[in-house]
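*Asks:* If you follow the hints, you should be able to join the two separate chains into one complex; please do so.
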Amino acid sequence: MRYQIIGEILMAFGIAILISNLFRANNWSQVYDMFLNDPDKIYIEGFKSPPRNLKLEVIVKGGSIDLYLVDRRGIEDLEFSGLNIKLKNKNISYIKYYHNITYLCDVLSMERKCYFILVKILKMKENNVIVNIRITLYGFDRDLIYIGLSLILIGISLIIVAKRFDKMMIKIF
Amino acid sequence: MPLKNSIKSTINVVSFEANIAWDRSILWLNIILIATFSLFCYKSQLYSENPYSSDIGRRENLYVMKEAIGLSSNIYVLILTITCVLTWTRILNRGILKTLLSLPISRKTFFICNILNIFIPPFIIFLSSHIFAGTYILNHISVNDLLLLVLLVLLQTLFTVSIATFTSLILKNGIITLFLLLSIFTLPSQFPELKYIDSRSFYEKALTYMWSLERHIPYIDAIKFIGITLSLMLLILMLSYIYFLKMDID
Chain V
39 MRYQIIGEIL
49 MAFGIAILIS
59 NLFRANNWSQ
69 VYDMFLNDPD
79 KIYIEGFKSP
89 PRNLKLEVIV
99 KGGSIDLYLV
109 DRRGIEDLEF
119 SGLNIKLKNK
129 NISYIKYYHN
139 ITYLCDVLSM
149 ERKCYFILVK
159 ILKMKENNVI
169 VNIRITLYGF
179 DRDLIYIGLS
189 LILIGISLII
199 VAKRFDKMMI
209 KIF
Chain Y
124 MPLKNSIKST
134 INVVSFEANI
144 AWDRSILWLN
154 IILIATFSLF
164 CYKSQLYSEN
174 PYSSDIGRRE
184 NLYVMKEAIG
194 LSSNIYVLIL
204 TITCVLTWTR
214 ILNRGILKTL
224 LSLPISRKTF
234 FICNILNIFI
244 PPFIIFLSSH
254 IFAGTYILNH
264 ISVNDLLLLV
274 LLVLLQTLFT
284 VSIATFTSLI
294 LKNGIITLFL
304 LLSIFTLPSQ
314 FPELKYIDSR
324 SFYEKALTYM
334 WSLERHIPYI
344 DAIKFIGITL
354 SLMLLILMLS
364 YIYFLKMDID
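The listed protein sequences correspond, in order, to chains V and Y.
Going by the numbering used here, the first sequence opens with residue 39, and the numbers climb by one from there.
Going by the numbering used here, the second sequence opens with residue 124, and the numbers climb by one from there.
These aren't lab readings, by the way, just hints derived from the structure by calculation.
Any given hint could turn out to be false.
[Unchecked claim] Okay, derived cross-link-like pairs now, EDC-like style, lysine to aspartate or glutamate, Cα gap no bigger than 20 Å in a straight line: (1) K128/V x E117/V; (2) K151/V x E183/Y; (3) K158/V x D144/V; (4) K166/Y x E149/V; (5) K189/Y x E327/Y; (6) K126/V x D78/V; (7) K151/V x E114/V; (8) K151/V x D181/V; (9) K166/Y x D181/V; (10) K201/V x D146/Y; (11) K134/V x D104/V; (12) K158/V x D204/V.
Chain Y on its own, in the form it takes in the complex (with noise of 0.2 Å):
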């Protein structure tokens, strides 16, 4: 029963702020840029088909998928990003948490209920403008390889929203934290020591190696970019929700 209740209110404080934070025109934005980019990531050209292995081609459309998901990769984190930070600066700075908090609603239940909420539209749009693409356009993707690639996107999401929700909830001002995030995701392009926040390269390594598209990979490479971006996430989750926990909101 206690269990039932808490998932009732779960799912009503999510869609409370689902409200709140997903208007219709942020929304519409959402799902018109991230599938539009990701759609278009995957050319409209002649893909070859061997005639006597189906496998190489499989091969080659995976091939091609990884590309446009490292691709599009780069506007998906910018948007949510961009996301991710609107929502937390509005419900600090317009009183909405303070509100919030005077109804009985825990605060970890607000922090869990918040985080579903800024990350599930957006990576719901990416993976289904992916999902399309590869089992439409490109075809011969099979479950698995699918599910591969939830797993990775779900990451990569997670990763992304826990670093934008760190500073958000240390900085309290949207351009400022916006401005912030923005030039530590374009960082690895100049230093490529920190190419495990990179998005693309993270695409690169762990879908290589989850698909085998090659056959000598470097397989300590693609788990050490997996498990550094799980920890990371973690962490910085974690204290986020510390941080969140012993925030004074007056």
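The following block holds chain V by itself, in its conformation from the complex (with noise of 0.2 Å):
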């Protein structure tokens, strides 16, 4: 009876973890705007990512740019001395690189962790190279719903076996 109503109990928070991920799955944007104007440092910017599905969207104007999606791993291949960010070595470990890029549009299927944006100059036609980066959401958590579900077939084996058991119990007794 015990395990039964235990199991009903993580049946109902998986039902409620996958009803409030239908509600939380809606497209959600973010714009940031950088202006560039040293070629030797490198621009960041950090952020902590659902694991579902962007939309990276790059629009370059007055050059053309570098641009490094890293993890904290990657973080640590950077120099900091004050604002001044630069790479350590030549080599830097990331998740994806853009070479001379003017415009980019890509889609990738991303983790629950934190990840950074690096972007260096390449060439310069003006004074500022101006980044517009545009990040869309779009898709549910992933391993919410896997943790739902999870919830959900351990709650109902809970039940099978709470039933089958007291069956046992009657027939023994």
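*Replies:* Next up, the structure:
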């Protein structure tokens, strides 16, 4: 009987997680504007992403750039001196690397962790390079769907086991 | 030995009352509504992360959590009030109280057990939803932050339960009590002087102070909120208890 109640509670929590995930799955956009003027410097934007699909759109005016998408490991390859950020060596452990871009549109499948966008000027045609980054999130949080479904399955298994066990006990005694 | 017996009888009465009050449908509805709404308040979006300092990230996460707790507390208070009123009026009107008190159970034990029975399940559901969201969806939340949260949610829950208990005992009618309580809990939106009974304002002030989310916060405001809530809760619970002891149940 106790296992059955625990199973039902787990199932209800699983359903709650799935329903909340359904409501949380609306599209969400954010725009980062960068004004770059130093070709030796690395410009950085950090964010923590949910495990959803991410559409990355980059528009560059006044030149072209190199863009790295890195996680915390990639940050260790950078040298911070005040607000100046430089590369420690030429190699950087990145997740995605886009070379010499003026326009970019890509779809990525993210995990639940911190990401950083590193931007470095490659060519300058004007005094300033203006970079416009638009990030759009869409789809469901994948991990929450797995957690919700797992809780429901564990709950159902507990309920079935508890009912079987009760029947067995009745037969034995 | 007498202490052991009294604990045993308290547990027995609580489990008996839980069987009466928390039937499957009510428990399911509570879990699904409270947990869904609590998790829904955490938006699935990008949270900015600072490469220089993780403390800024922590503060931002706590800020998001504070907003979510404040927002979801509205529906939590609503569900808690409905549960509390239904439990008390059912016990009073269906003669369950009279039957129970004919057994060797004192009114004191019954009152304590019923209060525990009313507030523990929604409290655990609300808290576990927010702890899950804080540690998994946001992370960066430390154990100290969560312990402070537990105390504040406990205080606010007991405050709501005490008001609902007192009104239910006095009025003894489910529908009238529900309407009266719902109007009491919506009053702060019309009269800012009654902000002390508004759960959202409570979490806003108390969590900002407890989690040090702002550098120069008016801490007297936060202390006032916690102090007034605590003293009102104790006073109303005492009054309810005294009224319950003297109450005619026939």
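*Asks:* For every hint, state whether the structure bears it out.
*Replies:* Going through the hints against the structure:
Distance check on the hinted pair: K128/V and E117/V sit about 12 Å apart at the alpha-carbon level, within 20 Å; holds. Taking the CA atoms of K151/V and E183/Y, the gap is about 15 Å. The hint holds against a cut of 20 Å. Between K158/V and D144/V the alpha-carbon distance is near 19 Å, which keeps this suggested pair within the 20 Å criterion. Taking the CA atoms of K166/Y and E149/V, the gap is near 16 Å; set against the 20 Å cutoff, the hint holds.
Only pairs whose Cα atoms come within 20 Å are accepted, and K189/Y paired with E327/Y is accepted, the gap being roughly 7 Å. Among the hinted pairs, K126/V with D78/V is consistent with the structure: their alpha-carbon atoms are about 12 Å apart, no more than 20 Å. Restraint check for K151/V and E114/V: the C-alpha separation of about 16 Å stays at or below 20 Å, so the hint holds. Under the criterion of a C-alpha separation no larger than 20 Å, the hint pairing K151/V with D181/V is consistent with the structure, at around 12 Å.
For the proposed pair K166/Y and D181/V, the alpha carbon gap of about 15 Å is at most 20 Å, so the pair holds. Straight-line distance between C-alpha atoms of K201/V and D146/Y comes to about 18 Å, which keeps the hinted pair within the 20 Å bound. The hinted pair formed by K134/V and D104/V meets the criterion: a straight-line CA distance of about 11 Å does not exceed 20 Å. This hinted pair does not check out: K158/V and D204/V have alpha carbons roughly 67 Å apart, beyond 20 Å.
Hint violations for this structure: number 12 only, all remaining hints satisfied.
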